[in-house]
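Visitor: Quick mapping for you: the protein sequence lines, in order, are chains G and V.
Per my numbering, the very first residue in the first sequence carries number 299; after that it's consecutive.
Per my numbering, the very first residue in the second sequence carries number 37; after that it's consecutive.
For the record, the hints were derived by calculation from the structure and aren't laboratory data.
Just so you know, not all the hints are guaranteed correct.
[Claimed, not checked] Under the rule of at most 35 Å between Cα atoms (straight-line distance), these lysine-lysine pairs were calculated in the DSBU-like manner: (1) Lys623(G) / Lys90(V); (2) Lys253(V) / Lys90(V); (3) Lys90(V) / Lys410(G).
[As the list claims (entries may be wrong)] Pair by pair, the computed Cβ-Cβ distance ranges are: (4) Ile509(G) / Leu39(V): 39 to 45 Å; (5) Arg407(G) / Pro351(V): 45 to 51 Å; (6) Trp575(G) / Asp156(V): 48 to 54 Å; (7) Ala460(V) / Leu596(G): 40 to 46 Å; (8) Leu596(G) / Pro419(V): 32 to 38 Å; (9) Ile302(G) / Phe275(V): 41 to 47 Å; (10) Asp156(V) / Leu526(G): 54 to 60 Å.
[Said to hold, decoys possible] Facing chain G, from chain V, some residues (calculated, C-beta under 10 Å): (11) Gly101; (12) Ser122; (13) Phe128; (14) Leu129; (15) Ala140; (16) Tyr448.
Glycine residues also receive a C-beta, built at the ideal position from the N, C-alpha and C atoms.
Chain residues, written in single-letter form:
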Amino acid sequence: MALIDTTMIWAVIIAFGVMMYVLMDGFDLGVGILYPFAPDEHSRDIMMNSVAPVWDGNETWLVLGGAGLLGAFPLVYSILLPALYLGVFLLLAGLIFRGVAFEFRFKARTSKHYWSIAFAGGSTLAAFAQGAVVGAYIQGFEVEGTAYAGGAFDWLTPFTIFTGIGLVIGYALLGSTWLIMKTEGGVQDWAYRVSLPLLAGLLGVFALVSIWTPLVDEFVRERWFGHLYLIWLLPAGALLCAWTLYRAVRRRDEGLPFVATMGIFVFTYLGLLASKWPYVIPPTFTLRDAASAPESQLFLLLGVLFVIPIVLAYTAWTYWVFRGKVRADAGYH
Amino acid sequence: MELDPILLSRIQFAFVVSFHAIFPVFTIGLAAYIALLEGLHFRTGNPAWEMLSKFWTKVFAVAFGMGVVSGIVMSFQFGTNWSNFSQASANFLGPVLSYEVVTAFFLEAAFLGVLLFGRDKVPKGTHLFAAIMVAVGTFISSFWILAANSWLHTPAGVELREGVFHVTDWAAAIFNPSFPYRFAHMALASFLTGGFVVAGVSAWFLLRGHAIEANRKALSMCLWLLLVLAPAQAVVGDFHGLNTLEHQPTKIAAMEGSWERHAGAPLLLFAIPDQAAQTNHFEIGIPGLASYILTHDFNGVIPGVSEVPRAEQPPVAIVFWSFRIMVGLGLLMIAFAVWGFVLRLRGRLYEPGRFHRLLPWMIAAPFIAVLAGWVTTESGRAPWLVYGLMSFSEGVTPSLSGWMALTTLIGYMLVYAVVYGSGAYYFYRVVTNGMEAPDHPEHGVGRPMRPLSGADVSWDDPSITAPATR
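The whole structure should be built from the sequences, with the hints applied where relevant.
Guide: Structure below.
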């Protein structure tokens, strides 16, 4: 036994990184998903301005997570990516289009429309692909030896399509509550209006997945209906957040809806981790199986522990600089 | 027809990495140039330096932004198409590639914003410091990438246990035998790329009489730089070749078009290598010169490709010709540097003429040379993914089928065509928009710290067609 358990530290770092990614890129992807439904072009400018300063910092967590996974849990990296081969391509294509559209839309006049389509389409595609990844993870992977052995479309099932749409709805809710916080006037009114239907949709997905998963997966059933009563605090927390969100939107609170939505995501995410723990490649490999050599984990840890505080501080600073309501005339032209 | 997932994955990786590589190669050189301009402006206060720095910072922003976008794809390529390889080499490559990511983020988070947007907001010294740190940061990034790449060619400091590489000596693995040569060769290539782009654009501006004083300065500096670096690159390339002869003799044999080990090998200027017959057709060469270059003896012995079994031979024609493209362009670059020097001696460096008209076309030369060089070294490694230890077929993703690799290859090509077509077009817009006088206020208060936002030129404003003369 080593002096410090680097594998556990890395598990926490990666879990934290994924959480950060989902919460932060979630709301800016959500803004992209809601984009085509905005009342007018002026609102779209405001919506984009609200996320323009921060979206790429948000994507930092995805790249950091990908690189960290290769370094700390190569088995997860080398099974997950082949298993999700076509999905990964869709995700990357979506993110690339979106990233470039972000930049060029602000610099365009006559061709603005095309960049808007690329932005909305890329955001929705990326969100759907991520949701499908979550579904595929719940489903589990066919593994032979230490390599993925399934087919190209194993990840694409009715269940994963459902979780894909579910995450699109979830991100849209993050986006709409973000807009409630960051905008005012017409855009904000519109964001208030769409939030509750989105919440209802998300709860529907939530309920169906909660019923579906234990029915088809014995491990999950055993985990939830075994003797681990504390685990029920997680869905309870998520429902409490949903209730808070409902009340906050009705009262026209400005900040609370976003915080409550983040709460729903955090509790759901923890619930998902609890369902599969300690498996990282369900149903075959645990955290320990997938870890790289301890000295490699340690070597990388030194750099990452140094840089994570910097990334966090930088992120916090960016949000601080661009705090307050977004107005159409300020900033990004 | 049977689709080969290994070949298609190699093409896909080559495609993605080539597109990605041209941006860092350019930005490394350009970052150093911007730092130099900032330093000159800091020392002399001459507004011409600031004007140049402002303009090239915009170009840097576009190139850096495009590089970041394509970099996201790179960090997933190993896993999707080369999963067995990723798993086997993760103990070394995982940390090294992660350190590259960490370095790049650190750089972007801390200094890029200040360089791109802080000119009027921070003290001059701070801005200069940020410019220097960005230049240093791009260098450190390339350090990690080249350490990883060199290790594939000359693996060291590791032990293969049960199909997984374990690092036994980090220093030996990172500073593996080919690393110093490869790193120096790439660093010089970056400066040459930056130099030819700046020289070409400056000449183009001078032809149009735009911002004469600043562009004369830029052209003059660049040509001094190229006069030193272009020949220096030939020398470093020669050392790199000697190192390759020691560690990867078959690659050298393919580069020279040498099938059998023999003494007094000619330097082939033209040949059509025939892998099936293990010989060349239509050879034209200078007797003994290849032996002289590689062994410093006209009768020196040069290895042959046929010494290794056919299954372990690289594709000779590709290696042979890409090497010649690289060297040919290198000689052309030296010729242009010397031409510029001759014009300078005659006092006609700034007279618009044939030199100024041809120089913009030379912008393409270093990019093509860099890509050809990568093709030479990477194809020359075949069929080894990790030289002598792991082949492409052992490293490929087992579940990957030919049509999956083909689908994503076409997909990436389409995405890149749109994205980089737009990027190239925008780069053109930035250049034709011309340089702005230093007293031009920087607009965009509260502007987000995005790299591409550093260039604020309109995408489709019809009034931008040619730089305004002043």
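Visitor: Against this structure, judge whether each hint is valid.
Guide: These are the hints, each one checked on the structure:
Restraint check for lysine 623(G) and lysine 90(V): the C-alpha separation of about 31 Å stays at or below 35 Å, so the hint holds. Pair hint lysine 253(V) plus lysine 90(V) holds up; C-alpha atoms about 15 Å apart against a cutoff of 35 Å. A distance of roughly 27 Å separates the Cα atoms of lysine 90(V) and lysine 410(G); the hinted pair therefore holds under the 35 Å criterion. Between isoleucine 509(G) and leucine 39(V) the beta carbon distance is about 42 Å. The supplied range of 39 to 45 Å therefore holds.
Range check, arginine 407(G) to proline 351(V): about 48 Å between beta-carbon atoms, so the 45 to 51 Å window is met. Separated by about 52 Å at the C-beta atoms, tryptophan 575(G) and aspartate 156(V) satisfy the suggested range of 48 to 54 Å. Taking the beta carbon of each, alanine 460(V) and leucine 596(G) are about 43 Å apart, inside 40 to 46 Å as hinted. At about 34 Å, the CB distance of leucine 596(G) to proline 419(V) agrees with the hint of 32 to 38 Å.
The beta-carbon spacing between isoleucine 302(G) and phenylalanine 275(V), approximately 43 Å, falls within the hinted interval of 41 to 47 Å. For the pair aspartate 156(V) and leucine 526(G), the supplied restraint of 54 to 60 Å holds, since their beta-carbon distance comes to about 59 Å. The closest approach between the C-beta of glycine 101(V) and any C-beta of chain G is roughly 7 Å, which is under the 10 Å cut-off, so the hint is satisfied. Taken as an interface hint, serine 122(V) checks out: its beta carbon lies about 5 Å from the nearest beta carbon of chain G, inside 10 Å.
A distance limit of 10 Å between C-beta atoms decides the matter here; for phenylalanine 128(V) the minimum to chain G is near 7 Å, and the interface restraint holds. At its closest, the beta carbon of leucine 129(V) sits 7 Å from a beta carbon of chain G; the interface hint therefore holds under the 10 Å criterion. The beta carbon of alanine 140(V) comes within 9 Å of a beta carbon in chain G, closer than 10 Å, and the hint placing it at the interface holds. The criterion of a C-beta within 10 Å of any C-beta in chain G is met by tyrosine 448(V), whose closest approach is roughly 8 Å, and the hint holds.
Figure legend: structure checked against the earlier numbered hints; every hint is met.
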